[in-house]
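S.K.: Using the sequences and the accompanying hints, generate a full structural model.
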Amino acid sequence: MKPNELDRIVSSLDKIPTLPVIYTKLGKLLQSPDATIQAVSNIISEDQVIAAKVLKFVNSAFYGFPQRIGSIQRAIVILGFNTIKNLVFATSVFDMFRGVETMNAFDKKNFWKHCIGCAVASRVLAEAADLRNPDEVFTGGLLHDIGKLVVAVQFPEKFSMVINEVQNTGVPMVEAERKIFGFDHTQVGSALAVQWRFPIETANMIGSHHLAEGAAPQRKDIAAVHIGNILCMALQFGTGGEKRLSNVNKKAWELMGLTLSSIELVMEKTVKLYRENAEILEM
Amino acid sequence: MGILNINELKEGMVLAADVKNKHGNIMIRQGMSLSEKHIMLLKAWGISEADVEGFDRDQLHEEEMKTVSPEVIEAIEKNMREFFPPLDGNDIMSEIYRIAKKLKIKQAME
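Quick mapping for you: the protein sequence lines, in order, are chains E and L.
Just so we're aligned, residue 1 is where the first sequence starts under the numbering used here, counting upward by one.
Just so we're aligned, residue 1001 is where the second sequence starts under the numbering used here, counting upward by one.
Misleading hints may appear alongside valid ones.
[Stated by the list, open to error] Beta-carbon label-pair distances, calculated as ranges:
| id | chain 1 | residue 1 | chain 2 | residue 2 | range |
| --- | --- | --- | --- | --- | --- |
| 1 | E | 110 | L | 1075 | 16 to 26 angstroms |
| 2 | E | 254 | L | 1054 | 30 to 40 angstroms |
| 3 | L | 1032 | E | 42 | 41 to 51 angstroms |
| 4 | L | 1079 | E | 219 | 50 to 60 angstroms |
| 5 | E | 105 | L | 1091 | 18 to 28 angstroms |
| 6 | E | 109 | L | 1044 | 29 to 39 angstroms |
| 7 | L | 1026 | E | 37 | 50 to 60 angstroms |
| 8 | L | 1040 | E | 168 | 52 to 62 angstroms |
| 9 | L | 1007 | E | 105 | 37 to 47 angstroms |
| 10 | L | 1051 | E | 17 | 43 to 53 angstroms |
Don't read these hints as lab results, they were simulated from the structure.
Just so you know, even glycine gets a beta-carbon here, dropped at the ideal spot from N, CA and C.
M.R.: Shown next, in the form of structure tokens:
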């Protein structure tokens, strides 16, 4: 499928909700010279639901601060604009789809569990590999399969066919998607991320998380989401619709630079943090 | 001696090696007998594991596993084998399988 054809499809998605106002406002503010702590905090506080969730996240075991962070302002001071921005983005998109109806073929609740699982696993991996941007990796992991949700909402009957094909033949979802739609969820997700003006790295994490055998990820954060996805499926947090687990791409593994013996701690930490995160996002 | 998870540490255990933080600074020295306070501090410092005298993790796990019925374990194994790709020769996937199975069994005990 040609890139502009995909863009056309993505632009014509009219059944998906629009991004919360706070998200676009925040994005604009952060790019302007008026981005002070107070201004950013004010915008976030306009949406009490998101503000509350951001505070829960910053007080969670992910960050492990000994003292409770009681305000958005303090959270920005301690964690910086980038972390807070990522948390707002992640919770915005999540909230956006809360009220959306999906047909029977799409189990929304289990889908979100899978997304949270991937977010957590990817972030734990990113930290273990000392990556500079674990919160961006969290967002990438959370949204890696957003293309599936969007396609399920916009084209429910065809998406049902994809699910059935996967269940009956055991092929990966991307294969069934390409066969039935002519594109796959990583392409849709990544095109959507670009349209939503997410950072290009996030769009790439979404677009490249399924690495074909022999393919090499260009960056460690892509590798982290790729591996995080496989780990969360191995741990069976919800489901992304796959019938079979795929292999970890060898080059992705090598790029991360982790030892085999570190997998155990990564997976244990993921299980522990998953429970906490699922609670925060009210799953 | 064995490396235990921070959550498995108990008062009275003796450190088999220095506990260091992420930057390599020694937090508690080898040979120290852990008190409740030590364990609290380790958690506050974000330390996730410690090498402890006289305990072997897999041994601990073996003991715990005995409380789960063989049928449950078999059901877990069957379910996982269907989902996982072939493991021969693939050490990464084999390790992921091993740990996922261990954690699933642990979950079954809760």
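S.K.: In this structure, is the beta-carbon distance linking residue 105 of chain E and residue 1091 of chain L contained in 18 to 28 angstroms?
M.R.: 36 angstroms, violated
S.K.: Do residue 1040 of chain L and residue 168 of chain E keep their Cβ atoms within the hinted range of 52 to 62 angstroms?
M.R.: 54 angstroms, holds
S.K.: Does the Cβ distance between residue 1079 of chain L and residue 219 of chain E fall inside 50 to 60 angstroms?
M.R.: 34 angstroms, violated
S.K.: Would you say the C-beta atoms of residue 109 of chain E and residue 1044 of chain L sit inside 29 to 39 angstroms of each other?
M.R.: 35 angstroms, holds
S.K.: Is 50 to 60 angstroms right for how far apart the beta carbons of residue 1026 of chain L and residue 37 of chain E are?
M.R.: 37 angstroms, violated
S.K.: Is the gap between the beta carbons of residue 1032 of chain L and residue 42 of chain E within 41 to 51 angstroms?
M.R.: 49 angstroms, holds
S.K.: So the hint says 30 to 40 angstroms: do the beta-carbon atoms of residue 254 of chain E and residue 1054 of chain L match that?
M.R.: Given range 30 to 40 angstroms: holds, Cβ gap about 36 angstroms.
S.K.: Range first: 43 to 53 angstroms. Now tell me if the beta carbons of residue 1051 of chain L and residue 17 of chain E are that far apart.
M.R.: 51 angstroms Cβ-Cβ, so the 43 to 53 angstroms window holds.
S.K.: Go ahead and decide if the range 37 to 47 angstroms is satisfied by the Cβ distance of residue 1007 of chain L to residue 105 of chain E.
M.R.: Given range 37 to 47 angstroms: holds, Cβ gap about 40 angstroms.
S.K.: For the hint 16 to 26 angstroms, verify it against the beta carbon of residue 110 of chain E and that of residue 1075 of chain L.
M.R.: Holds: the Cβ-Cβ distance is about 20 angstroms, inside 16 to 26 angstroms.
Hints 4, 5, 7 from the earlier list are contradicted by this structure; the remaining hints agree with it.
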